[in-house]
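S.K.: Residue numbers (this note's numbering), protein chains in the order written: chain A, 2 to 523; chain B, 173 to 519.
Take every hint as true, because none was put in to throw you off.
Stretches of chain B that chain A covers, calculated by requiring three or more beta carbons in the stretch to come under 8 Å of a beta carbon on chain A:
#: 1; region: 185-191
#: 2; region: 284-290
#: 3; region: 503-510
No farther apart than 20 Å at their CA atoms in a straight line, the calculated lysine to aspartate or glutamate pairs in the EDC-like style are these:
#: 4; chain 1: A; residue 1: K440; chain 2: B; residue 2: D178
#: 5; chain 1: A; residue 1: K511; chain 2: A; residue 2: E499
#: 6; chain 1: A; residue 1: K497; chain 2: A; residue 2: E486
#: 7; chain 1: A; residue 1: K385; chain 2: B; residue 2: D188
#: 8; chain 1: A; residue 1: K452; chain 2: A; residue 2: E442
#: 9; chain 1: A; residue 1: K56; chain 2: A; residue 2: E117
Some residues of chain B that are not near chain A, with every Cβ distance over 10 Å (derived):
#: 10; residue: S321
#: 11; residue: S326
#: 12; residue: E329
#: 13; residue: S349
#: 14; residue: S362
#: 15; residue: I367
#: 16; residue: W390
The set of hints was computed from the structure by calculation and includes no laboratory data. These figures come from a predicted structure and were not determined experimentally. All C-beta atoms, glycine included, are put in the ideal place defined by N, C-alpha and C.
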Amino acid sequence: MPEIIRPVADFHGGLHIDDHKAESAASPVREAALPRRLQLPLQQHIGQPAEPVVKVGDKVLKGQLLARASDYVSANLHAPSSGTVVQIAELPIPHPSGLPAECIVIETDGEDRWGELPEPITDYLQADPADLRERLRWAGIVGLGGAVFPTSVKTNTGGRPIQTLVINAAECEPYITCDDRLMREQPNDVIDGALILRHIVDAGQVLIGIEDNKPEAIEALGAEIEARGLEDVRLCVVPTKYPSGGEKQLIRLLTGIEVPSHGLPLEVGILCQNVATAATVADAVLRGRPLISRIVTLTGGGLGAPGNLRARIGTPIGELVEQAGGYTPAAHKLVMGGPMMGFALPDDGLPVTKGCNCLIVAGEGEFPPPRPASACIRCGECVKVCPAQLLPQQLYWYARARDFDKTQDYHLFDCIECGCCAYVCPAHIPLVHYYRFAKTEIWASERERRKSDHARRRHEFREARLARLEAERKARLRKKKEALEKKQAAGGDGKKAEIEAAMKRVAAKKAAREQVRQESES
Amino acid sequence: MQFSIDSSPHVQGGNDVQRVMGQVLLALLPGTLALWWYFGWGVVINIGIAGLTAVLSEWVVLRLRGRDPRPAIADLSALVTAWLLALALPPLLPWWQTVIGSAFAIVLVKQLFGGLGYNPFNPAMAAYALLLISFPADMTHWLLPSVLSQHSVSFGEAWQTIFQGKQALGPTWDMISGATPLGHMRTELSQNHMISEIRRSPVWGDFGGRGWEWVGNWFLLGGLFLVWRGVISWRIPASMLGALLLVAGLFWAIDAQTHPFPAFHLFSGGAILGAFFIATDPVTASTTPRGQLIYGALIGLLVFVIRSWGGYPDAVAFSVLLMNMAAPTIDHYTQPRVFGAREDEHG
Numbered sequence: 002m003p004e005i006i007r008p009v010a011d012f013h014g015g016l017h018i019d020d021h022k023a024e025s026a027a028s029p030v031r032e033a034a035l036p037r038r039l040q041l042p043l044q045q046h047i048g049q050p051a052e053p054v055v056k057v058g059d060k061v062l063k064g065q066l067l068a069r070a071s072d073y074v075s076a077n078l079h080a081p082s083s084g085t086v087v088q089i090a091e092l093p094i095p096h097p098s099g100l101p102a103e104c105i106v107i108e109t110d111g112e113d114r115w116g117e118l119p120e121p122i123t124d125y126l127q128a129d130p131a132d133l134r135e136r137l138r139w140a141g142i143v144g145l146g147g148a149v150f151p152t153s154v155k156t157n158t159g160g161r162p163i164q165t166l167v168i169n170a171a172e173c174e175p176y177i178t179c180d181d182r183l184m185r186e187q188p189n190d191v192i193d194g195a196l197i198l199r200h201i202v203d204a205g206q207v208l209i210g211i212e213d214n215k216p217e218a219i220e221a222l223g224a225e226i227e228a229r230g231l232e233d234v235r236l237c238v239v240p241t242k243y244p245s246g247g248e249k250q251l252i253r254l255l256t257g258i259e260v261p262s263h264g265l266p267l268e269v270g271i272l273c274q275n276v277a278t279a280a281t282v283a284d285a286v287l288r289g290r291p292l293i294s295r296i297v298t299l300t301g302g303g304l305g306a307p308g309n310l311r312a313r314i315g316t317p318i319g320e321l322v323e324q325a326g327g328y329t330p331a332a333h334k335l336v337m338g339g340p341m342m343g344f345a346l347p348d349d350g351l352p353v354t355k356g357c358n359c360l361i362v363a364g365e366g367e368f369p370p371p372r373p374a375s376a377c378i379r380c381g382e383c384v385k386v387c388p389a390q391l392l393p394q395q396l397y398w399y400a401r402a403r404d405f406d407k408t409q410d411y412h413l414f415d416c417i418e419c420g421c422c423a424y425v426c427p428a429h430i431p432l433v434h435y436y437r438f439a440k441t442e443i444w445a446s447e448r449e450r451r452k453s454d455h456a457r458r459r460h461e462f463r464e465a466r467l468a469r470l471e472a473e474r475k476a477r478l479r480k481k482k483e484a485l486e487k488k489q490a491a492g493g494d495g496k497k498a499e500i501e502a503a504m505k506r507v508a509a510k511k512a513a514r515e516q517v518r519q520e521s522e523s
Numbered sequence: 173m174q175f176s177i178d179s180s181p182h183v184q185g186g187n188d189v190q191r192v193m194g195q196v197l198l199a200l201l202p203g204t205l206a207l208w209w210y211f212g213w214g215v216v217i218n219i220g221i222a223g224l225t226a227v228l229s230e231w232v233v234l235r236l237r238g239r240d241p242r243p244a245i246a247d248l249s250a251l252v253t254a255w256l257l258a259l260a261l262p263p264l265l266p267w268w269q270t271v272i273g274s275a276f277a278i279v280l281v282k283q284l285f286g287g288l289g290y291n292p293f294n295p296a297m298a299a300y301a302l303l304l305i306s307f308p309a310d311m312t313h314w315l316l317p318s319v320l321s322q323h324s325v326s327f328g329e330a331w332q333t334i335f336q337g338k339q340a341l342g343p344t345w346d347m348i349s350g351a352t353p354l355g356h357m358r359t360e361l362s363q364n365h366m367i368s369e370i371r372r373s374p375v376w377g378d379f380g381g382r383g384w385e386w387v388g389n390w391f392l393l394g395g396l397f398l399v400w401r402g403v404i405s406w407r408i409p410a411s412m413l414g415a416l417l418l419v420a421g422l423f424w425a426i427d428a429q430t431h432p433f434p435a436f437h438l439f440s441g442g443a444i445l446g447a448f449f450i451a452t453d454p455v456t457a458s459t460t461p462r463g464q465l466i467y468g469a470l471i472g473l474l475v476f477v478i479r480s481w482g483g484y485p486d487a488v489a490f491s492v493l494l495m496n497m498a499a500p501t502i503d504h505y506t507q508p509r510v511f512g513a514r515e516d517e518h519g
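One chain only, chain B, in its complex shape (with noise of 0.2 Å):
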C-alpha cells in the first residue's frame, strides 16, 4: 500500500494566526466599549472607517503583488492594526484623514515591506505618528467624556461630524470637545501652575483623568486577558508600566508640585493600551525573554521623557516606533543562554 509523506512532526497544536489575533480583538472590546461609552459612537464608526479601509488596501496591494489575499485577510491582522489605530485617534475626526492613516498602515508600513511579518515599524503607530504631524489640530482636538461635558453624542451627531466636518455641530463642538488629559496637564505645567491648582479642574478624576481612567482600566483588564491565555508575555507589558511608574515616581517624589503623579501616567493616556495591545505587537517588538524586559522598560522611559520635555503630549506612539528600531539589536545581544552553554555564554 502507498502513502503519502510529510515532513515531522505530524501532529500539531491547534494554535493559529487567527486564533491570535481573534483573541487580540477579543480582548480590545472591553477598553472598546468603554471609549464608546464615555466619548460616543464616533469611536465606533473610527473602527468601522479604518477597518474597511485596512481591508480594502490589504485586498488591492495582494492582488497587486500577486498573490492571494484570502488567507492575508482571514487571519485578520489587518483589522487589529485598524482597530488599534482607530482607538487612538479623536473620536469625531474627519473621515478621510482615518481613511489615510489606515491605508499608509496597511500598504506602506506593512505590504510593501513583504507583508504580515516583515513589517520593521508598528503599523498602527506609524499611521498614527503620520496623522498627528500631518494634522496636529486634529489630531490634538478630543471630545470630552461625556460624564464631563454632560452631553453625549449621537449616532447621528458623529455621523455628521465625521463626513461632513465640525461646522455640522455649530457651536455644540466647542461645548463638548477639548484637549486630552495630558494635553491639559501639558499646557497648565507651562504656564507654571502647580500640580496642586491643576488638580482642581473637573478634568481629573481619581487618579487620572476623568473617564480615562476608567477606559484604561477596561483596556488593563482585557490586555491581563490575553496574558492569560499566554497571548502575549507579561515581560513587555509589565517592564514598561513598571519603568514608566518608576521614573514617573521618583520626579514626582523629587517635586510633586511640577511632576505629576505616577498613577497619571498609567491612567490618562494610552499607557495601558500602549502597554498591553501596541508594545507587545510580535513583528516589530522584540522577542528574546531578556530583550523583552529592556524594550519594555525602554518604552516606559521614553514615554516619560517625550512627554516630560517633548513636543507632544502622549508619547507611545513614538516611543514604540523608536524602539522598533531598537530592537532587532535588542535581540542580538540579549540571546539566551542555550541548553549546555557556559553561563557566562550567552551566544
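Chain A on its own, in the form it takes in the complex (with noise of 0.2 Å):
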C-alpha cells in the first residue's frame, strides 16, 4: 500500500449524515440491458445546446456523432446503441425546471454495431495534449460528478501553471455509491484517465481525495498506485463528512487552499476532476470510445433489489427500476442525484443523462414531505453548518423580502446549494429554495439589464445616425447653396449678357418666321 496522505486542513460546518451506502454499494456494477427506446436531450451538459447531425430515419450506428457542439461551452453527443433515429422533437427531461428540450430519440435495432471509432492513442505520454483534448471535446466528454461541465473547456488552462490535479473520489452525498464501485472495479481506468488529465494540464502531481467510508475503493487505487509505481499519485483519506466532495471543499482539505470566491481553482493552480470522469477520459483516448454510458446508483427503500448498473444514456428510468427489482409499494419519490442536493423528478419514463449518478426510489420513512415551514428565529444552526461560510439566515430574509442587492452584499453567489442549512434548520425553511429563487430573479432582471442596454445602445446609435444624415444633408444644402452664391457674385453682367443674347435668339427667330410668312404669302 503506497502512503496514504492526511487532509491539511478543514472546512468549515459540514454535517455527518447516514449514509445509506451499504444498500447499494455491495454487488458489482451490472451491465443495463438494451432498451427499445433511447431518448437524447441535446443539452446535458452546462453551455449551448448541441446541434443535430442527423435527421429522422437516418440509421445511425453504436458510437456515431448525433449531435454536434454548438459553440465552444457545448459538447457532442453521440449514439449509444445502433439503431434508427425515429424522432427529434421538444419532450420532457429531467431538469429541476419541468420544462422539455429537444432531444433525438433513437429506436434500437438489438445489434449493438459500433461505428467507426477514432484510433486509441495508447501512447498519451507522448501525445500533443492538445490532441488529447480534442479526443475528450469529440467524445463529449462533461464532468460526471453532476456539475457536467465539458472537460476539454475546463482542462483548457490557457496556459497558466496547474501544480495539483485533484481527483475529486470524495462521493460525499448519502446514498450513491457508483464511484466507490467503479473504483473497485475500475481502478486501473481511473489512474489511467488521471494520467492523461494530468498530461493534457502538466500538473506536477496528483492528489486523489476519497472519503473514509470507502476502505475497498482505497484499497483497489492504492494497489494500483503501488503496482505502476507512481510517486506523484497519492491518495488523500478525507473524513467522511459532507460536502467534501465539493470542489472548494475537497481542494481546502487535500491542499489548505482557498480558492478565491468567485474564483476558479484555476487561478490557485489546481483543476478538479470527478474520477467517474477521469475513467470517461481513459475510455475515449485509450480506446477511443465516446461517453454513451454511466453507472448509475439504484437505490432506496422503494427498490427492490439496490445496486449499480452500467446504462446507457438515454435509457427510460422505469427500464432500470425494474432491473434495480422494482417499485416496492412504499415507493412514493423518485430523485435523481443524491438526497442533499439531487432533484426529485415527476415521472419514471424520463431518460438517463449524463449527469445522472443516482436514482434514489424513497421508501417508508425516506424523503417524507417537508414540513411546514415556520418563521426563522435566527438561532444560527445553518450558520454553523454552512460550509461556504455565509450567513444563511441573513440571505433567507433578504432573499424572502425581494431585497437582491441585499442578498449579494451577503455572498448570495458563493452558496453552493449543499443543502446543510435547510437539513438543520428547526424552523423547517427550504432555505436552499430561496437562493435558487433568489439567483435566477438576479440572472433574469441581469438579462432584462442587458436587454435595455442592447436597446439603449441601438436606441443612441440610431439617434446618432439620424443626427449624422441631418447634419450631412445641411452640409449638402449649405454647399449647393454656396455655390450659387458663388456663382451668382462671380457674373454679375454674365446675366445680362445671357438675357440679351435670349433676347437675341428671339429676335432672330422672329424675323426668321417673318421670312417664311413672307414667302408663302408671294
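Make the complex out of the two chains shown on their own, each in a separate frame, by following the hints.
M.R.: Put into C-alpha cells, the structure is as follows:
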C-alpha cells in the first residue's frame, strides 16, 4: 500500500449524515439491458445545446455522432447503440425546471453494432495535449460528478500553470455508490484517466481525495498506484463529512488552499476532476470510445434490489428500476442525484443523462414530505453548518424580502446549494429554495438589463445616425447654396449678356418666321 | 409511474423549534426548583399565571390576525417567554401585574411585530422593564430567602397574597419581605457604608446574596446543559459574564470598599439567568460569531454600569434591551469572512 496522506486542513461546517451506502455498494456493477428506445436530450451539459447532425429516419451506429457541440462551451452527443432515429422533438427531460427540451430519439435495433471510432491513443504521454483535449471534446465528455461542465473546456488552462490535479473521489452525498464501485472495479481506468488529465494540464502532482467510508476503493486504488510505482499520485483519505466532495471544500482539505470567492481553482494552480470523469477520459483516449454510458446507482427503500448499473445515456429510468428489483409498494418519490442536492422527478419515463449518478426511490420513512415552515428564529444553526461560511439566515431574510442587492452583499453567489442549512433548520424553512429563487431572479434581471442596455445602445446609435444624416443633408444644402451664391457673385453682368443673347435669339426667330410668312404669301 | 416533487434537500435533521424551546424549559427546571425552594410557592403560581396569560394572548392575537394559533402555541415559545418573565418577578407580585406583563410581552412586544422571529426586543425583558417602571415599589420588594426569614411561604399564603394583596398576610409580610441583595448593597453603599461592614449582614452568603447564590448555581447548571446540547452558543454567556467579572474585578481591585467583589455581581441578581437564558434569545441577539462576543461583552459592561451608577439595582433587563437595539448593527459589522474571501475582507 502506498503512503496515504491525511487532509492538511478542515473546512467550516458540514454535516455527519447517515450515509445509506451499504444498500447499494455491496454488489458489482451490472450491465443494464439494452432498451428499445433511447431518448437523448441535446443539452445534458452546461453551455449551449448540441446541434443535431442526423435526420429522422437515419440509421445510426453505436458511437456515431448524433449532435455536434454548437459553441465552445457545449458537448457532442453520440449514439449509445445502433438503430434508427425516429424523432427529433421537444420532450420532457429530467431537469429541475420541469420544462421540455429538444431530444433525439433512437429506436435500437438490438444489434448494438459499433460505428467507426477514432484510433486509440495508447502512448498518451507522448501525445500533444491539444490532441488529447480534442479527443475529450470529440467524445462529449462532461463532468460526471453532477456539474456536467465540458471537460475539454475545463482542461483548457489558457497557459496557466497547474501544480496539482485533484481527483474528486469523495462521493460525499449519502446513498450514492457509483464512484465507489467504479474505483473498486476499474482502478486502472481511474489512474489512466488521472495520468492523461495530468499530462493535458501539465500538473506536477495528482491528489486523489476520497472519504474514509470507502476502504475497498482506497485499497484498490492504492494497489494500482503501488503496482505502477507512481510517486506523485497520492491518495488522500478525508474524514466522512458532507460536503467534502464540494470542489472548493475538497481542495481546501487536500491542499489547505482556499479557492478565491467567485474564482476558479485554476487561479490557484489547481484543477479538479471527478473520478468517473477520469475513467471516461481513459476510455476515450485509450479505446477511442465516446461517452455513451455511465454507472448509475439505483437505491432507496422503494426499490426491490438496490445496486449499480452501467446504463446507456438515454435509457428510460423505469426500465432501470425494473432491473433493480422494481418498486416496492411504499415507493413514493424518485430523486435524481443525492438526497441533499438531487432533484425530484415527476415521472419514471424520463431518460438517464450524462450527469445522472444516482436514482433514489424513496420508500417507507424516507424523504418525508417537507414539514410546514415556520418563521426563522435566527438560532444560527445554519451558520454553524454552512461550508461557504455564509450567514444563511440573513440571505433568507433578504431573499424573502426580494432585496436582491442585499443578498449579493451577503455573498449569495458563494452559496453552493449543498443543503446543510435547510437540513438543520428547526423552522423547516426550505432555505436552498429561497437562494435558488434569488439567484434566478438576479440572473433574469441581469438578462433584462443586458437586453435593455442593448436596446438603449441601438436607440442611441439610431439617434446618432439620424443626427449625422441630418447634419450631412444640411451640409449638402449649404454647399449647394454656397456654390450658387458664388456663381451669382462671379457673374454680375453675365446674366445681362445671357438675357441679351436670349433676346437676340428671340428676335432672330421672329425674323425667320417673318421671312417664311412673306415667302409663302408671295 | 408518477411521483410528487419537492425541493432539495430531501432529508432533514430532527431539529425543531418545539424541541429547542422544550430544551430551554427543561434547562430552566433546576433554577426554578431552587427559586421555589428559597422563595416558596409564589414562584410556581407566577409561572402559572404568566404562562396561562401568554398562551391565551397568543391564541387571541393569532385568531385576530386570521392565523392558525395551534402551531404557534405548540412551538412553546410563548411559554418560554412567560416562564422567564415569571422567574424575574417578585414571587408574591399581585396577580394582575403578572397578567399585564405577560400579555404585554406577547401582544405588544412579540405579536404586533409579526410574531416569533420578528420581534426586535426580548419580550420577557420588555415586559419586566414595563412592570419595573410602572410598579417600582412592588417590583423591587422581594421575599427574603426562607433561610433568612425562617419562614417558608406556604401555598395558601402565596395564593392569598398574590390574589388578595399583601394585607392578607398581615404583619408576617414585613417579616418575610425585603430588598434584594442588589438593592440592599445599593442602599448601603449610598449611605457611604464600607463593603466590609455591609458584608457582616446576614443577607450575604459565601459569594453572593444568601439563597440567591444557589439559585444562580442551579441556573448555571441548566445553562451549561443548553451549551452542551448546542441549543445556545457559549459565546454570549461567556463574554457577558466574562466582561462583567472583568470590569467588576477592575473596580474592586481599585477600591474594594466601595465596589463589591466580582462574584457578588454574578451570584446576587439575574446575571446568570440573563447570560444563559435571556441574552441568548436568538431572535433578538446578535447571530454572527464575533458579533455574539461583542454583544455579550457589552451587556456585561452595561450591567455593571447600570448597577453601579444607574437608577435601578438590577440591570440585566435594561442592558439586554439596549443591546437588542444594537444587535443588527453589530451583525452588520461582524459578518464572518466568506470562504475564499481575502483575509481582510469581511463582507
